[in-house]
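Visitor: Those protein sequence lines, which keep their order, are chains A and B. Using my numbering, read the first sequence as starting at 2 and increasing by one per residue. Using my numbering, read the second sequence as starting at 2 and increasing by one per residue.
None of these hints come from the bench; they were simulated from the model. Hints are not guaranteed to be accurate.
Where chains are identical, the list cannot tell them apart; a pair therefore holds if satisfied intra-copy or between any two copies.
[Stated by the list, open to error] Below, computed lysine-lysine pairings styled on DSS-like, alpha-carbon distance capped at 30 Å:
#, residue 1, residue 2
1, 37, 285
2, 147, 190
3, 314, 264
4, 119, 201
5, 338, 113
6, 113, 305
7, 147, 201
8, 190, 300
9, 190, 285
10, 190, 154
11, 338, 201
12, 147, 106
13, 119, 289
14, 35, 119
15, 276, 16
16, 16, 37
17, 247, 330
18, 35, 289
19, 119, 313
20, 119, 276
21, 289, 330
22, 313, 338
23, 276, 201
24, 275, 338
25, 331, 190
26, 154, 201
Residue-level listing of the chains:
Protein chains: 2
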Amino acid sequence: MGKQLSFDERWELVKRNTSEIIGEDELRALLSGKRKPVVYLGTATTGRPHIGYLVWILKLADLLRAGFSVKVLLADLHAMLDGVSFESLEHRYNYYEAVIPAVVKALGVDPKHMEFVKGSSFELRPNYMQDLLRMSTFVSVHDATKAASEVVKLGDNPKLSGIIYPLMQALDEEYLQVDMQLGGVDQRKIFVLAREQLPKIGYHARVEMMTPLLPGLIGTKMSASDPASKIDFLDDSATVEKKISKAYCLEGEPDNGIMLFLKHILMVIKQDSKKPLVVQRPAKFGGKVSYHTYAQLEKDFIAKSLHPMDLKKVVAQEISALFDTLDVKKLTKLAQKAYG
Amino acid sequence: MGKQLSFDERWELVKRNTSEIIGEDELRALLSGKRKPVVYLGTATTGRPHIGYLVWILKLADLLRAGFSVKVLLADLHAMLDGVSFESLEHRYNYYEAVIPAVVKALGVDPKHMEFVKGSSFELRPNYMQDLLRMSTFVSVHDATKAASEVVKLGDNPKLSGIIYPLMQALDEEYLQVDMQLGGVDQRKIFVLAREQLPKIGYHARVEMMTPLLPGLIGTKMSASDPASKIDFLDDSATVEKKISKAYCLEGEPDNGIMLFLKHILMVIKQDSKKPLVVQRPAKFGGKVSYHTYAQLEKDFIAKSLHPMDLKKVVAQEISALFDTLDVKKLTKLAQKAYG
Chain A
2 MGKQLSFDER WELVKRNTSE IIGEDELRAL LSGKRKPVVY LGTATTGRPH
52 IGYLVWILKL ADLLRAGFSV KVLLADLHAM LDGVSFESLE HRYNYYEAVI
102 PAVVKALGVD PKHMEFVKGS SFELRPNYMQ DLLRMSTFVS VHDATKAASE
152 VVKLGDNPKL SGIIYPLMQA LDEEYLQVDM QLGGVDQRKI FVLAREQLPK
202 IGYHARVEMM TPLLPGLIGT KMSASDPASK IDFLDDSATV EKKISKAYCL
252 EGEPDNGIML FLKHILMVIK QDSKKPLVVQ RPAKFGGKVS YHTYAQLEKD
302 FIAKSLHPMD LKKVVAQEIS ALFDTLDVKK LTKLAQKAYG
Chain B
2 MGKQLSFDER WELVKRNTSE IIGEDELRAL LSGKRKPVVY LGTATTGRPH
52 IGYLVWILKL ADLLRAGFSV KVLLADLHAM LDGVSFESLE HRYNYYEAVI
102 PAVVKALGVD PKHMEFVKGS SFELRPNYMQ DLLRMSTFVS VHDATKAASE
152 VVKLGDNPKL SGIIYPLMQA LDEEYLQVDM QLGGVDQRKI FVLAREQLPK
202 IGYHARVEMM TPLLPGLIGT KMSASDPASK IDFLDDSATV EKKISKAYCL
252 EGEPDNGIML FLKHILMVIK QDSKKPLVVQ RPAKFGGKVS YHTYAQLEKD
302 FIAKSLHPMD LKKVVAQEIS ALFDTLDVKK LTKLAQKAYG
């Protein structure tokens with residue numbers, strides 16, 4: 002954990018790169034009053050984890066440094082509720098269980114400092130089930146559908162499973178005994194439901210912390226359905242380079258996935274490790290240049306003194322370097338079982 | 002069990018007074034091929050049991066005599082899903098658990114021959130929960146709502162609990178290990194859902210047997226919300242007489258609750274016990290008359306040689322006599338805890 006941080010330093014670390022916090026006063030009280038507040042993030046073990054996941058992994062690393070106890074819920078049952086077949090469930094879980102801690106480690110955080118919890122290990126217990134049924138007596142079909150709408154693939158004819166999903170996510174806060182839940186801003190409606198419903202069955206509302214949703218590195222959205230639009234943790238450097246080379250990134254216009262990835266992920270990692278981002282260019286294109294902050298980089302990009310091609314090249318290199326310690330052989334085997 | 006019944010006698014007994022059977026061929030095969038087929042009826046421990054319940058209790062008695070093993074599910078969790086508060090749940094269950102076997106006994110059937118099962122004793126187990134979540138991935142919100150619509154009080158803004166209800170009722174068939182479910186025709190949509198959905202999670206469809214829904218003895222419907230429209234098992238003879246005296250029953254017109262009660266319940270009991278229904282009248286109104294079958298009685302009623310007043314009087318007497326062995330003091334105590 003290194004040196005002791007002051008309250009203000011911890012507060013700064015806790016809040017940075019968040020979009021919204023519901024219950025900010027409660028969070029402040031937790032941070033000053035509780036020795037080790039507990040946060041959890043749930044990730045349904047659905048599609049292949051991709052570098053968009055770094056947003057919350059970095060945020061959890063912040064919270065860890067700020068003195069939180071961190072739990073990562075590998076939500077296998079939620080994956081089933083969101084359409085993963087019962088037969089694939091265990092394989093999907095096995096992949097997540099292997100790749101997420103490996104990525105955490107690649108970012109310089111010892112995964113032993115995070116507790117990884119399998120959803121089905123506690124969500125099938127009688128007390129949980131009873132609470133789920135109790136909560137379902139308070140939540141209308143309408144409100145459950147609304148809560149699920151930005152997270153679950155509901156389609157034209159929503160399945161009952163999709164609208165049970167938000168209630169279980171709310172209950173997880175209680176059964177994981179956490180003080181705060183972390184998630185993307187897409188989780189907002191589920192977070193609000195959790196705040197409203199837990200007290201109705203005798204539990205207290207938790208703090209809800211949201212990170213921004215990044216568009217894909219490549220397209221305009223980190224599309225869950227198009228693998229080519231996402232960088233997979235197991236992509237080799239040639240694949241990463243190829244995908245990024247196709248990314249939308251107009252000279253001088255910073256509103257794109259590459260720049261947002263730099264802002265929210267890559268430059269955060271760089272700054273935290275006190276290393277600059279070094280762009281290597283032939284002398285005729287400006288030569289080597291180093292950036293210590295995103296602001297510097299953005300300024301140059303807007304001024305067109307940093308060209309998208311050079312930027313893409315360094316981003317691709319940095320991503321490949323970040324994950325070159327992953328046991329790709331082992332993970333690929335697991336991924337094949339999980340995704341066929 | 003008395004003398005051994007032939008297949009045809011058992012088949013007759015099984016089928017009488019039913020409205021519909023889904024899977025009649027399967028039922029025939031069960032009856033000839035299985036030593037002791039198993040049937041269950043679920044009753045959610047919601048409102049006060051009333052004499053309308055006799056329809057299914059008599060039907061279960063038939064099935065018992067025909068060689069079935071009989072389970073009665075006292076569905077406490079279903080009651081919660083249908084709006085009974087968590088706080089009242091145990092009290093409601095306690096009342097049902099006491100009054101239903103007492104009524105069974107009053108009808109001349111040893112309740113030891115029926116197995117009474119509490120819903121929450123098995124519906125909260127991990128396997129059940131997992132199957133419920135699995136099934137919810139196959140059932141649309143729309144279809145679950147449709148299935149629940151005639152059984153659960155959904156209202157204008159249905160709660161999620163109300164549409165989970167049918168799925169649990171379907172699963173109960175598997176977890177109670179039954180061959181057939183019995184219920185009123187109002188259960189039809191849930192029964193159809195059970196037939197459709199159980200095979201999707203690897204279980205076989207069960208036979209579904211339906212009894213007619215009787216209108217209330219008194220009004221046109223056995224209204225669940227108006228206690229004055231129903232005869233409670235604990236009503237004293239004066240109350241029974243008073244309620245029945247107000248019943249709709251036009252001279253010569255057999256289409257009313259009193260006549261239907263006679264047809265489906267009272268004359269069934271009489272015939273089975275080989276005793277006639279004896280109407281005592283002053284000589285000037287026709288004197289004493291005995292009926293061995295409903296057909297005889299209906300004929301006289303239509304011919305206006307049996308007056309509604311005399312009929313009501315005997316029906317009230319018979320009902321009171323039927324339940325005069327109940328331990329009203331003990332049951333009233335339990336009812337007060339359950340219904341305040």
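Visitor: Are the hints correct? Go through all of them and say.
Guide: We went through each hint and held it up to the structure:
Taking the shortest Cα distances, residue 37 and residue 285 never come within 30 Å of each other, neither inside one copy (53 Å) nor across copies (91 Å). Taking the shortest alpha-carbon separations for residue 147 and residue 190, both the intra-copy value of 7 Å and the inter-copy value of 26 Å come in at or below 30 Å. Taking the shortest alpha-carbon separations for residue 314 and residue 264, only the intra-copy value of 16 Å comes in at or below 30 Å, while the best inter-copy value is 87 Å. In this assembly of identical chains, the alpha carbons of residue 119 and residue 201 lie at most 30 Å apart whether taken from the same copy (26 Å) or from different copies (25 Å).
In this assembly of identical chains, residue 338 and residue 113 lie within 30 Å of each other by CA distance solely inside one copy; the values are 26 Å within and 52 Å between copies. For the identical chains of this complex, residue 113 and residue 305 are neighbours neither inside a copy (43 Å) nor across copies (88 Å), given an alpha-carbon limit of 30 Å. In this homomeric assembly, residue 147 and residue 201 come within 30 Å of each other (Cα to Cα) both inside a single copy, at 19 Å, and across copies, at 27 Å. In this assembly of identical chains, residue 190 and residue 300 lie within 30 Å of each other by CA distance neither inside one copy nor across copies; the values are 36 Å within and 65 Å between.
Within a single copy, residue 190 and residue 285 get their C-alpha atoms no closer than 52 Å, and across copies no closer than 76 Å, so neither meets the 30 Å cut-off. For a Cα distance limit of 30 Å, the shortest separation of residue 190 from residue 154 qualifies both inside one copy, at 15 Å, and across copies, at 27 Å. For the homomeric pair residue 338 and residue 201, the shortest alpha-carbon distance between copies (23 Å) is at most 30 Å, but the shortest distance inside one copy (41 Å) is not. In this assembly of identical chains, residue 147 and residue 106 lie within 30 Å of each other by CA distance neither inside one copy nor across copies; the values are 36 Å within and 50 Å between.
Proximity of residue 119 and residue 289 under a CA criterion of 30 Å is satisfied in neither setting, with 46 Å inside one chain copy and 75 Å between copies. For a Cα distance limit of 30 Å, the shortest separation of residue 35 from residue 119 inside one copy, 26 Å, qualifies, whereas the shortest one across copies, 43 Å, does not. Proximity of residue 276 to residue 16 under the C-alpha cut-off of 30 Å is restricted to the intra-copy arrangement: shortest distance 22 Å within a copy versus 83 Å between copies. Within a single copy, residue 16 and residue 37 get their C-alpha atoms as close as 17 Å, which meets the 30 Å cut-off; across copies the closest is 66 Å, which misses it.
In the homo-oligomer, the alpha carbons of residue 247 and residue 330 lie at most 30 Å apart inside one protomer (27 Å), although the nearest pairing across protomers, at 82 Å, exceeds that limit. With identical chains, the CA atoms of residue 35 and residue 289 are never at most 30 Å apart, being 47 Å at best within one copy and 85 Å at best between copies. When the C-alpha separation of residue 119 and residue 313 is checked against a cutoff of 30 Å, the pair qualifies neither within a copy, at 37 Å, nor between copies, at 64 Å. When the C-alpha separation of residue 119 and residue 276 is checked against a cutoff of 30 Å, the pair qualifies neither within a copy, at 36 Å, nor between copies, at 65 Å.
With identical chains, the CA atoms of residue 289 and residue 330 are never at most 30 Å apart, being 35 Å at best within one copy and 94 Å at best between copies. In this homomeric assembly, residue 313 and residue 338 never come within 30 Å of each other (Cα to Cα): the closest approach is 32 Å inside a single copy and 72 Å across copies. In this homomeric assembly, residue 276 and residue 201 never come within 30 Å of each other (Cα to Cα): the closest approach is 49 Å inside a single copy and 56 Å across copies. Taking identical chains as interchangeable, the C-alpha atoms of residue 275 and residue 338 are never at most 30 Å apart, the minima being 39 Å within one chain and 69 Å between chains.
In the homo-oligomer, the alpha carbons of residue 331 and residue 190 never lie at most 30 Å apart, since the shortest distance is 37 Å inside one protomer and 49 Å across protomers. Proximity of residue 154 and residue 201 under a CA criterion of 30 Å is satisfied in both settings, with 27 Å inside one chain copy and 21 Å between copies.
Going through the hint list in order, the structure does not satisfy hints 1, 6, 8, 9, 12, 13, 18, 19, 20, 21, 22, 23, 24, 25.
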